[in-house]
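**Q** As a plain string of letters, each chain reads:
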Amino acid sequence: MQNILEIEGLAKTYDGGFTALRGVDLTIRKGEIFALLGPNGAGKTTLIGAVCGLVQPTGGTIRAFGEDMGRHWRRLRRRIGLVPQELSTDMFDSVINTVNYSRGLFGLGPDPDRVEEILRSLSLWDKRKESLRALSGGMKRRVLIAKALAHDPDLLFLDEPTAGVDVELRRDMWRQISALRERGTTIILTTHYIEEAEEMADRVGIIQAGRIRMVEETREIMARLGRTEAVFTLAQPLEVVPEALDSFPLVLASDRLSLVYRGGDGTGQGKAEVARLTKALIATGVDYTAIDIRESNLEEIFVNLLEHADAEGEAA
Amino acid sequence: MSLFNARSAWTIYKHELARALRTALQSIIAPLLSTMLYFVVFGAAMGGRMDSGLAGVSYGAFIVPGLLMLTLLSESTSNGAFGIYMPRFTGAIFELLSAPVGFAETLVGFVGAAATKSLVLAAIILGTARFFVDYSIVHPVFVLGFILLVSASFSLFGFILGIWARSFEQVGMVPALFVMPLTFLGGTFYSIDVLPEPWRSIALVNPMVYLVNGLRWCFYDTADFPVMLSLAMTLGFLALCVLIIARIFATGWRLRS
Numbered sequence: 001m002q003n004i005l006e007i008e009g010l011a012k013t014y015d016g017g018f019t020a021l022r023g024v025d026l027t028i029r030k031g032e033i034f035a036l037l038g039p040n041g042a043g044k045t046t047l048i049g050a051v052c053g054l055v056q057p058t059g060g061t062i063r064a065f066g067e068d069m070g071r072h073w074r075r076l077r078r079r080i081g082l083v084p085q086e087l088s089t090d091m092f093d094s095v096i097n098t099v100n101y102s103r104g105l106f107g108l109g110p111d112p113d114r115v116e117e118i119l120r121s122l123s124l125w126d127k128r129k130e131s132l133r134a135l136s137g138g139m140k141r142r143v144l145i146a147k148a149l150a151h152d153p154d155l156l157f158l159d160e161p162t163a164g165v166d167v168e169l170r171r172d173m174w175r176q177i178s179a180l181r182e183r184g185t186t187i188i189l190t191t192h193y194i195e196e197a198e199e200m201a202d203r204v205g206i207i208q209a210g211r212i213r214m215v216e217e218t219r220e221i222m223a224r225l226g227r228t229e230a231v232f233t234l235a236q237p238l239e240v241v242p243e244a245l246d247s248f249p250l251v252l253a254s255d256r257l258s259l260v261y262r263g264g265d266g267t268g269q270g271k272a273e274v275a276r277l278t279k280a281l282i283a284t285g286v287d288y289t290a291i292d293i294r295e296s297n298l299e300e301i302f303v304n305l306l307e308h309a310d311a312e313g314e315a316a
Numbered sequence: 001m002s003l004f005n006a007r008s009a010w011t012i013y014k015h016e017l018a019r020a021l022r023t024a025l026q027s028i029i030a031p032l033l034s035t036m037l038y039f040v041v042f043g044a045a046m047g048g049r050m051d052s053g054l055a056g057v058s059y060g061a062f063i064v065p066g067l068l069m070l071t072l073l074s075e076s077t078s079n080g081a082f083g084i085y086m087p088r089f090t091g092a093i094f095e096l097l098s099a100p101v102g103f104a105e106t107l108v109g110f111v112g113a114a115a116t117k118s119l120v121l122a123a124i125i126l127g128t129a130r131f132f133v134d135y136s137i138v139h140p141v142f143v144l145g146f147i148l149l150v151s152a153s154f155s156l157f158g159f160i161l162g163i164w165a166r167s168f169e170q171v172g173m174v175p176a177l178f179v180m181p182l183t184f185l186g187g188t189f190y191s192i193d194v195l196p197e198p199w200r201s202i203a204l205v206n207p208m209v210y211l212v213n214g215l216r217w218c219f220y221d222t223a224d225f226p227v228m229l230s231l232a233m234t235l236g237f238l239a240l241c242v243l244i245i246a247r248i249f250a251t252g253w254r255l256r257s
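Protein sequence lines correspond, in order, to chains A and B.
When we follow the working numbering, the leftmost residue of the first sequence carries the number 1, and every step to the right adds one.
When we follow the working numbering, the leftmost residue of the second sequence carries the number 1, and every step to the right adds one.
The set of hints was computed from the structure by calculation and includes no laboratory data.
Where hints are given, some of them may not hold.
Unchecked claim - Stretch by stretch, here's where chain A covers chain B in the computed footprint (C-beta under 8 Å, at least three residues):
#1 94–108
#2 139–150
#3 248–257
Claimed, not checked - Chain A is nowhere near these chain B residues, computed Cβ spacing over 10 Å in every case:
#4 10
#5 14
#6 36
#7 86
#8 127
#9 172
#10 180
#11 181
#12 182
#13 189
#14 221
#15 224
What the hints assert, rightly or not - Pairs of lysine-lysine residues, derived as DSSO-like cross-links and limited to a Cα-Cα distance of at most 30 Å, are as follows:
#16 14/B - 129/A
#17 129/A - 140/A
#18 14/B - 127/A
#19 127/A - 140/A
#20 30/A - 140/A
#21 279/A - 14/B
Backbone N, C-alpha and C define an ideal beta-carbon position, used for all residues, glycine too.
Work out the full structure: start from the sequences and follow the hints.
**A** Shown next, in the form of structure tokens:
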């Protein structure tokens, strides 16, 4: 698959001495949705800023569409869009004027049909004449997306696009982002909502303390690190786990009234094994009154990874 | 790929002018009103009892170039400063920095709009002044050229100020504490020649003296200093501002983190 963005050894130390990026290597493939996850201060926004021209890197190289960003920034920036984390725009402007302004800023002439299409796709057409300050937070965020789409970018950065947005609007935005990908736009998003990355991203990158800790396919990361947990509430307390169940990863709870299964790989194998376990329990005469099954999500995996990385760092 | 994106520059220019229209009360009406008050008090009311020192030029007419310069300098500086400071303050500057827009487009857009506002204001002031004082213009083309040059120079200066400033207080400080007092003392209401020593010599280090002097020459074909000196100083100031802004864009000082 063709690479659309290649970052090598990207470093940024701010004037005050704070190092936000410590040699980041990252490659983004054409047409994918890439989710960059990380705690506050990990370097997500600095990384985006470095690519988009808001931050001056202190080291490393950035190549977009096969060309060096530093040398061909004029040509390359035309193909990149950014939706910032903050609601930063002229709040006294009308919706349609601010979108037209963005289009003109990127050197494109007026195209009322395209602007109407963008505004309609984001449910903003009816609000086009309203001042931004009169809009709700969620609608303002949509306007920022409309502004970023005004020049039809091939690569779109969304820096926490659904921060502070209600659940309904968030799901609506996910649909919008998926629609953009279907039109061929490559999307890089940062988010605190792991669910968001799990729902949309083809690949996930985890950044911590200015370093990329992991980049992997979302499905693979879930398959490799995902787990199924099933808690069987027993009808009678057990002294030990019966030998017939030794092949299952089972633990008897301290109250001896629950059997806890932890296994699988996040691809559904765990559920299948739990189904086999229910039959085995009945066959061995272990009676139970309830089963509580849940899959570990990306958030748990993410937290575990960071804790693991912290522990490694301390050990080193 | 062109080194200058005319559409981007035009977009910034239009956006800035639209912003000025939204704030017309502050950006046009307020400076117009205060300038008119000067004409009423010093021109119409007191001017009849004062001597301009220029043959055939009433005191009311004498102060027209100085007052025009006072407004031009203050407004150009403020317009240039607020034009770039506002997007810095609101964070909207991200859009400019992430767009395929460089030094030239930004300068033409922001400074062009600031200078245009000053030119419009100058035209309104000159038109309105007619109601209070009877003045003439000996070199109308030079007046236009000089106003254009001064507006552009001080809009550039304001642009630098808007990038330097970290607060609204700092944006307003330079026009209020430096530009206006220096222009007042730069011969707006009097000829430098009437000052006794050492004040006359001290006045010569005030750059505003040469600007007021230059515009007065354009109006009445007479001035305290050669007009070429005024022109050279203005052009030098303009060139210095352009060089500073070019350096700011090259280094990203206070624009990019």
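**Q** Are the hints correct? Go through all of them and say.
**A** Verification of the supplied hints:
1. 94–108: holds (count 9)
2. 139–150: Coverage by chain A is violated here, the residue count being 0 at a Cβ distance below 8 Å.
3. 248–257: Contact hint for the segment 248–257 of chain B vs chain A: holds, 3 residues under 8 Å.
4. 10: Its Cβ does come within 10 Å of chain A, the nearest being 7 Å, so this is violated.
5. 14: Its Cβ does come within 10 Å of chain A, the nearest being 8 Å, so this is violated.
6. 36: 28 Å, holds
7. 86: 8 Å, violated
8. 127: 29 Å, holds
9. 172: Holds, since 20 Å exceeds 10 Å.
10. 180: Residue 180/B is indeed farther than 10 Å from all Cβ atoms of chain A, at 28 Å.
11. 181: 32 Å, holds
12. 182: Holds, because the least Cβ-Cβ distance between residue 182/B and chain A comes to about 33 Å, which exceeds 10 Å.
13. 189: Check passes; 38 Å lies beyond 10 Å.
14. 221: 44 Å, holds
15. 224: 45 Å, holds
16. 14/B - 129/A: 18 Å, holds
17. 129/A - 140/A: 13 Å, holds
18. 14/B - 127/A: 22 Å, holds
19. 127/A - 140/A: 11 Å, holds
20. 30/A - 140/A: 28 Å, holds
21. 279/A - 14/B: It is violated: about 74 Å lies between the C-alpha atoms, which goes past 30 Å.
The structure fails to meet hints 2, 4, 5, 7, 21 from the earlier list, while all remaining hints are met.
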